[in-house]
Structures are given as C-alpha cells and as structure tokens.
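**Student:** Sequences listed follow chains A and B, in order.
So in the working numbering, the last one in the first sequence is 457, and the numbering has no gaps at all.
So in the working numbering, the last one in the second sequence is 406, and the numbering has no gaps at all.
Errors might be hidden in some of the hints.
[Stated by the list, open to error] If the Cβ cut is set under 10 Å, some of the chain B residues that face chain A in the computed set are:
1) Y113
2) A216
3) Y248
4) M288
5) H359
6) P363
7) T369
[Said to hold, decoys possible] Cβ pair distances, simulated, as ranges:
8) A:G113 - B:K356: 43 to 51 Å
9) B:E114 - A:R196: 29 to 37 Å
10) A:G319 - B:G354: 34 to 42 Å
11) A:E84 - B:K356: 52 to 60 Å
[Unchecked claim] Just so you have them, the derived chain B footprint on chain A, three or more residues with Cβ under 8 Å:
12) 217 to 226
13) 233 to 239
14) 365 to 372
15) 441 to 449
Hints listed in this document are in silico derivations from the structure and should not be mistaken for laboratory results.
By construction, the Cβ of each residue, glycine as well, lies at the ideal position given by its N, Cα and C atoms.
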Amino acid sequence: MAELPLNGVRVLDLSHVFAGPTCTRILAELGADVIKVEARQRLDISRSLIMTDNDIGDQPWNRTCYFAVHNAGKRGITLDLTGEQGRDLLSRLIPHSDVLVESFTPRVMKAFGLEYETVRQLKPDIIMASMSGYGQTGPYRDWSAYGMGLEAASGISAATGYRDGPPIRSGLSFTDPLTGVLAAGAVLAALHYRQRTGRGQFIDLSQQEGAIAVLGAALMDYQMNGRLAQRTGNRSSWAAPQGCYRCRGDDDWLVISIENDEEWAAFCRAAGHPEWSQDERFADVLARHENHDALDSLIEGWTRDQDHYEAFHLLQRAGVKAAPVLNGKELLLDPHFRERRHFTVVDHPVLGRRPVPRHLVARFDRFEPRVDSAAPLLGQHNREVLQGMLGLSDEELTSLEAEGVIGSVPLMDLPADVPFEVLWEMIQDLLRLSLEKMLEMGAVQAVEPDYRQQLGL
Amino acid sequence: MSDAALSDLRVVDLSQGVAGPYCTKLLAEYGAEVIKIEPPGGDVSRRLGPFPEDLPHPEKSGLFLHLNTNKKSVTLDVATTSGVVVLKKLLAKVDVLVESYPPGRTDEWGIGYEQLREGCPQLIYASISSFGQTGPYRDYGANSLVAMAMSSIMYNTGEPHREPLATGCEPAGYFAGLQAFAGILAALAYRERNGGGQHVDVSLVESVAAADEYNAAMYAYLGAIRRRFYSRHVFGYPMDILPSQDGYVVVIPGAEGFPRPLLDEGASPMSLLLEDLELDQNPLFQSMQERYYRWRELDELLLPWLTTHPSRQIVETAQELRMPFALVPTASDLLEDEHLAERDFFVEIEHPGGAKLRHAGAPLRMSETPLHSGPAPTLGQDNEAVLREVGYNREDLGILRDRGVI
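Required output: the full structure, derived from the provided sequences and hints.
**Tutor:** Structure (structure tokens):
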C-alpha cells in the first residue's frame, strides 16, 4: 500500500467534540499518528452524544456514534492534566510529537501550564494549533463556544431563514467542520514551512473569524450599497426559479436551480410542459424573478407527482441543476457516494462493523487517504503509548491508574449517599434519546430496526 | 522579517466562481504566487454582484474582489491551440494548477492532467468539480443549493412542516475551496517525501457532505432517520436562536446550565440568568427530556425575560455564568464589532480598479509566517510581466493580443 504523506508525523490532540477532532481526523486520514488525550475526570463531551442502538450498555462512553465517527483512525490515552503527574507525562510526550491541537478557551491551557511558550521549550519546532471559539486575544477570548453559537456569531445565521422569518440555525454545528478543514490546511502549511526551515510555530485560529469569509459578498454589499443580506429561504439573487419543491412520498423534496433561458427551456421540455417556456410571465430571467411565486406553484404541481430521485436524473440529464434532498439514510445509500467510497467500514471493538465518512474528501491518484482503525476506547492505548514511547514500567502504570491519572473508566464526582441503581437510572435518562417521542414530535422520521441489513453490515 | 509559509510555491489558477478562487485566495494569503488565468471575458464572478449602486462593472464586483485578493491576472483563452502553447510555457515553472471546469473539458483542450503530467511530472493538478471526476453523477451540475441538498444537512434544517432550508450565504464553494486547499497541501507533502505531482479531485457535493455531523451516523448506528425540527440538535433544548429585546441571541445553556439533580448544589446558571431562582424547582428545569418535548412551555418561561433584555447583555451575563450563548450579528454588526476590531480582523484594501473596501482578513494567525492580504487584480493586468518572464517579447504579445488569445 502506498505510503501516506503524513506517515511519521505525530499529533497530540487535546481537542473535543467536532472542530478540533475534524482537523486531527484529516491528519489521521493522511497517515499521521494522532494521539487523542482525554481525562477520566473530563471526557470528550461527544462520548455522551448519541448511543449506538440507543443502548447505553455497560460502557456508555465507548458507545456513542458521534465519537466513533469523528475519531476513527486515532489512538486514545487518558491523562488528568489538572494534576502534576498528568502534566508531567504530557510534557514527556511533547518532545516526541510534531503537532499539538487544542480547542479550549485560552484560560484552560494557561491553567494547565501549556501555553505555546512552555510547549516550545519542550519541543522547539512544535506546531501548536489553538482553535478556540473566539481566538486567543480580544474581549471575547474567554467566551465559551459551541458550533451552533459560532455559526450565528460568524454572521451566517442572520442570513439563513425563510423569507420574512427569523434567523434559523443550520441543522448542524456548521462552523465546526468548516474550521476543522481550515485548521488541517494550516497545519499542513506549517509542516511545509518546517520542512523548509526547521521552524515550528503557533497557530491562533478563531472559529468565528475562520467562517466569516463565507460572508464575503454580504460584507461587500453592505459596504457598497448599505444593504444587509435578507433571509430569502432557498431563493437566489441570481438563479430563477430556484427552490425546494415537494415530491411524491412522505417527506421527499427536490431542489431546482435554473440560471438562464436555455436551462429554463430545457426544464420545461423535461417536465413535459414546453408551453411554460412560451408563457410571457416567465419569458426571461427578470420575469421569472418577478413571478417567482406563480412559478413555484406550477413547478410544485409537477414535482408532487415525481419521485425525487427520478426527477433528479431526468432534470440533470436535460442539463438542469437539481438534486434530491437526502436524509442520513439516503446519503449512506446513494450510488454516487458509494462508488466514490465516501464511507469506509471500520471494525469497532464494542460496536462492530460500522461506516465512517471521509473528513478530507479530496481524492488523489497516488495514495488514498484512509482510516484503518475505529475510534479508540477510553484509554485504549495508555499502555502502548506510555510504555512504548516513554518506557514506563508496569508498576508505574498501575500506580498511575490507582491515582486516577490514567485509566479506561471515567471518574465522576458522584454523591456517595445515593444508591448506584438510582444514579444509573439517572444516567440512562441523560444519555438515551426517547426515539418514540421524537418520532411522535417529528424530530425523527423513522426508526428501522433492520438498518444493518439494509446497509449490508 | 518573517517569511510566508508557502512563499516557495507558484500556482496557476484556471478556476472561476467561488470554490477554486477561494482555494487560491488561501494559497495566496499563505504566500504562494498565484497567477490567475482568466478567459478574455474575465472570471464569471466579475459579472456577478454585488456592484456599487448595482451597476455591473468587471472591475467592481464585490464577490470577485473578495475572492481574488493577492493574485496576478493574465488573460488567456486556453480553449485555443495558441492559448495552450502559452499555458504550457507558464507551467514549466509552476507547482500547482487549479481548475474548475466540468470533468473532461480540459482534456478536450489538451491540458488535462494526463496530457500535462509527462511534460510536468512535478505538477500538482487540482480539479474542483460539481460531483468529482468519477462516479455515476460525474457529468451532473451542482451549485451551493444542490450541494446542500445532497449533504443531508438541508433535510435537517428548517421548520418541521415546511420545506427544508439551505444555509445562507451559499457556503458550498467555501467548503470545497478549503477541501481543495488541504488536498493540494497533502499532495505537496507527498511530493516532498516521494517526489512527483499528482491529480487532486475535489467534489463540491462531497465537500459539504463531509460536514455532516451525525445525520448519517444516526442511521448507521441506530437506524434512526433524523428530520428537521426547528434546526434543533437531538441532544436537548434549548439550543436555538430566540428573540431578545433588540434582536436575537443563541440560547445554549450547555451541559451545566440547568440544575443537575444529585450533582449540583446552589442555584443553576439559567435561574441566575433569568433572575428567578425558583425556576430550579420547575420540572422543565430539572429534566432534559421534559425540556425537549415541552419546549413551547419552556419558551414561555424564557421569553418574557429574553425579550425585555438586550442581546449583548444577555450574552455577556450568560458567558459570565459559563454558558456558551452567542450573538447573532449581521454583516454590519461584524464590521463594527469590538472584539474583531481589537483583533484587527478586517483589513482595508485599495484595489487597482478603484474600490477601497474592508475585507475579511486572514482566517487564522501564524506566529512565524503571518498570512497577508493584497488587492485583487484588474483583468489582464499582469499579462505583460508574466508572459515576458517566460520568454515572450513585445511583438509576440502584440500578435497574441490581436488574435484574441490574451
């Protein structure tokens, strides 16, 4: 198998949840040895998000799909960085590492005594990427942040929403994956520079700032014309008609975007309504903008009887931009994503064979980015890393475990006077989704018990 | 004087629109020399707005100026045989080529990857296309809306009884530009190690699909098909945009915002924020599940306070209580934001076409190799300098110009 471009590069990953893990996941796909560092006292939050089969099992922290997807291909160790022994061990790992990625607010790394100035004493050419919500300086530097807040803080939410409605968040933590790829690119650039000059450096990535480029045209429009981006649903200031139209089926939708007269004529022919292209109300792009509502009714009158996938192929083959609005299942099963191997199946020691998606989607003709292993169980590689890299003895490992510095089971500050069964009940409540209730509310479309069979797992 | 991380790289950029130009804008910010090759009519984004007073002008498009900072511009019709000859001369000294034509188009012109690799074995050839260079949909077309639709993100954005909603600002091109940037640098790392260039294939649609947080995973690990429900996470409520006295705020109590029975003592951050400690006794405050299902009732507890307090005060107070609330700024709010001002995020650039504008600055800071911004080029402004460097003299350039090649 071809060598990967980052074979031999070691990354210490102190980041949690989504943005930082996306960055290090990409580095892992490119062949880096990524060692994820968690504390038994403070796990990556995503170890509590979405239990596989909605079953917390006896090791809930090793069962979440969220963690499994974003941390495949990494090794995992536990170190309590609030204590001296944990910090000492990390200090001894740093000289063996090339890159350190973290996503805390600046005050946390300071409290750990792990600021860049200290880290570089231990490894002068280290590349340290700090990717907090609002950056290392400025009045909001210590504001804590989740992706769903940063999407809004970057100005994207104010421009997202139905016409004349309030701002709406994307159904995802939108800025996390964006800035995760951005950070991976920055680390690659810094590695290139280190290769040339032998020098490492510090990267200050504010996730808010990293996403503001997406607003480029809106920033310009405001300065040029004093105009603020309006929430326009799925419409465009350019293409018309453009929208999301209901198809046959329970909740199936098709987007259509028509940019010029030729595409409009092609659409009308493909939809079996060549007469629409003769209709004066829709004769040119201005008229189509003007009469968009009327146009939407006509188009939806046609799409309602169409299968969203069949209409997609019909329109695309006629040269019209269109797409089915895929749900999570359809994304997994789509023939194009399958043929291009967007998902790979990895074997997880607790969860079995499960697909994980690429985080770097670029394809290369001389190597294939890949993850060969599932996400690490908590502390799975403690022995391998601490003995293999630092030469700790069995006795030292045992005593570190006894003192809670390392280990494979979380340490929670639980009240001593409450029976275990009561606590376990409470934990169940916190960690399980009530899928039935979600189905009833409409937050979940369906739950299919035979999903593994459908996916060929 | 500090160097730039990619100052040793030379890039020829045949791409147009958003994705390719954003990728090469990043390369240029990191110090690469980017020669933008525009067809004689210019990059398509020169015809897209926004324009001052909505008057189209090829040197005044806000989108073009935003995406093409720090680049050189050479006009060259690569769809002609003479244009191809000129391009090949340029490529002799180039590390990276970026193009965004539909798959197969550059092959027709004799400048496809396979056709160039023999003459330029070190060339990293990045192709950004709608669906990628292979696969059943390779010849289909995509834009940001199509990519959002295929990603599973759109299906999960919006109100439950209305149509799915695309994220604003047409973000797909930015995702693809970032993926291409990381892909090119990965190929560069490979070249440093093993020698030789290669083809980098980036799909707009996959670039957005890679941003999926857990839609596919909820099916692949639970058999559950998630659906839009006010764009809400499945983890709990509230984590949403709610109205304030003067606009909106993102309300995110976080893991420790509401009382955690058995674990916490004292008043919860949410009851402190709302200045009503008795709320901690309310079942909606005590149970995450209850909040999720009875969210409208919870709203009734939150909205009276939120809508009588200004956004900034709400967010600042919540942050003091260690809850990750956030503001919902518009473009103008961002341009005036004190935090971004103190970080000198926006940079004013005077473009040779006459515009003086404040631009989103470097997306990150590097201590040894700071990123830098510079003006966007006028159409063909570097024709002479760039082409003379590869050996064309004044007469040659005259001939090329007369024939419409440059």
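**Student:** Has the segment 365 to 372 of chain A got at least three residues whose CB is nearer than 8 Å to a CB belonging to chain B?
**Tutor:** holds (count 4)
**Student:** If you take the shortest Cβ to Cβ gap from B:Y113 to chain A, is it below 10 Å?
**Tutor:** Since chain A brings a Cβ to about 8 Å from B:Y113, closer than 10 Å, the hint holds.
**Student:** Evaluate the given range 29 to 37 Å for the C-beta pair formed by B:E114 and A:R196.
**Tutor:** holds (30 Å)
**Student:** Please verify the coverage claim for the segment 441 to 449 of chain A: does it have three or more residues whose C-beta sits within 8 Å of some C-beta in chain B?
**Tutor:** holds (count 9)
**Student:** Quick check on the hint: B:P363 CB to chain A CB, less than 10 Å?
**Tutor:** holds (5 Å)
**Student:** Given the hint of 52 to 60 Å, check if A:E84 and B:K356 actually sit that far apart at their C-beta atoms.
**Tutor:** With a Cβ separation near 55 Å, A:E84 and B:K356 satisfy 52 to 60 Å, so the hint holds.
**Student:** Can B:H359 be said to touch chain A, with a Cβ gap under 10 Å?
**Tutor:** Holds - the Cβ of B:H359 comes within 10 Å of chain A, reaching about 7 Å at its closest.
**Student:** Check whether three or more residues of the segment 217 to 226 of chain A sit with their beta carbon closer than 8 Å to a beta carbon of chain B.
**Tutor:** As far as the segment 217 to 226 of chain A goes, the hint holds, because 9 residues have Cβ atoms under 8 Å from chain B.
**Student:** Are B:T369 and chain A close enough, Cβ to Cβ, to be under 10 Å, as the hint says?
**Tutor:** With Cβ-Cβ at 5 Å, under 10 Å, it holds.
**Student:** Under 10 Å is the threshold here; is the Cβ of B:M288 close enough to any Cβ of chain A for the hint to stand?
**Tutor:** With Cβ-Cβ at 7 Å, under 10 Å, it holds.
**Student:** Quick check: the segment 233 to 239 of chain A, covered by chain B? Criterion 3+ residues, Cβ under 8 Å.
**Tutor:** holds (count 6)
**Student:** Given B:Y248 was flagged as interface, is its beta-carbon under 10 Å from a beta-carbon of chain A?
**Tutor:** holds (6 Å)
Of the numbered hints stated above, none is contradicted by the structure.
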